[in-house]
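Trainee: Sequence:
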Amino acid sequence: MLFYTGGTRDANAILKEQSAATASKLDVLRRMRDLAGELRRVLTAPGGGDLAAFGEILHECWERKRSLTPNISTGQVDAWYRAGREAGALGGKLLGAGGGGFLLMMAKRERHDAIRAALGRPRELPIAFDPRGSRLIFVGTRK
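Per the numbering used here, the sequence shown starts with residue 1, numbered consecutively.
Hints are computed from structural coordinates only; laboratory data are not their basis. Computed from a predicted model, the values in this text were never measured in an experiment. Do not take every clue at face value.
Claimed, not checked - 25 angstroms max Cα-Cα, derived SDA-like pairs, lysine to any residue: (1) K108 with G37; (2) K108 with A53; (3) K65 with T5; (4) K108 with V77; (5) K93 with G37; (6) K108 with R66; (7) K108 with R82; (8) K93 with L43; (9) K25 with E56; (10) K108 with L39; (11) K65 with R40; (12) K93 with R132.
Said to hold, decoys possible - Label pairs and their calculated CB-CB ranges: (13) R33 with A128: 23 to 31 angstroms; (14) R33 with R132: 24 to 32 angstroms; (15) D27 with Y4: 31 to 39 angstroms; (16) G6 with P46: 39 to 47 angstroms; (17) L51 with R121: 20 to 28 angstroms; (18) H112 with E63: 17 to 25 angstroms; (19) G47 with P122: 32 to 40 angstroms; (20) L26 with G120: 35 to 43 angstroms; (21) E110 with A53: 15 to 23 angstroms; (22) R121 with R41: 28 to 36 angstroms; (23) L26 with P70: 14 to 22 angstroms; (24) A114 with A53: 18 to 26 angstroms; (25) G49 with N71: 29 to 37 angstroms.
Glycine included, C-beta positions come from ideal geometry on N, C-alpha and C.
The task is simple: from the sequences and hints, build the whole structure.
Mentor: Spelled out as structure tokens, the structure:
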């Protein structure tokens, strides 16, 4: 599930803050690097991978990323994430920064309606896996 957060933030300021904290957060960064490998192994496992395990690793990634600096997310996004988890989301990830952002949540299909309701039905974008990669590059109204 992919939700548009609707906000705008200064990506450069957030990245500078992250960079300044890097030396004191090397253990977190190493674990995040290792988690990326675990995610890849889960997804490429024979039989299509264990999506519940993928979701739990994604959640750990969220928690680790949030520990780098308080400005990684916003109060609204944090509230949506908590509500989504309580409604059955396995994990999630914040995508984008400067031009707004998107909250990606992973959940079993039967939990989607409960998650939408728990989040107050923010703007949702349809998504699907595509072997060619991302194909949507702009969200907004055209003038």
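Trainee: Are the hints correct? Go through all of them and say.
Mentor: Each hint tested on the structure:
no. : hint                              : result
1   : K108 with G37                     : holds, 23 angstroms
2   : K108 with A53                     : holds, 12 angstroms
3   : K65 with T5                       : holds, 18 angstroms
4   : K108 with V77                     : holds, 20 angstroms
5   : K93 with G37                      : holds, 16 angstroms
6   : K108 with R66                     : holds, 24 angstroms
7   : K108 with R82                     : holds, 16 angstroms
8   : K93 with L43                      : holds, 16 angstroms
9   : K25 with E56                      : holds, 22 angstroms
10  : K108 with L39                     : holds, 17 angstroms
11  : K65 with R40                      : holds, 18 angstroms
12  : K93 with R132                     : holds, 21 angstroms
13  : R33 with A128: 23 to 31 angstroms : holds, 28 angstroms
14  : R33 with R132: 24 to 32 angstroms : holds, 26 angstroms
15  : D27 with Y4: 31 to 39 angstroms   : holds, 33 angstroms
16  : G6 with P46: 39 to 47 angstroms   : holds, 40 angstroms
17  : L51 with R121: 20 to 28 angstroms : holds, 24 angstroms
18  : H112 with E63: 17 to 25 angstroms : holds, 23 angstroms
19  : G47 with P122: 32 to 40 angstroms : holds, 34 angstroms
20  : L26 with G120: 35 to 43 angstroms : holds, 38 angstroms
21  : E110 with A53: 15 to 23 angstroms : holds, 18 angstroms
22  : R121 with R41: 28 to 36 angstroms : holds, 35 angstroms
23  : L26 with P70: 14 to 22 angstroms  : holds, 19 angstroms
24  : A114 with A53: 18 to 26 angstroms : holds, 21 angstroms
25  : G49 with N71: 29 to 37 angstroms  : holds, 33 angstroms
In the structure shown, no violation is registered for any of the earlier numbered hints.
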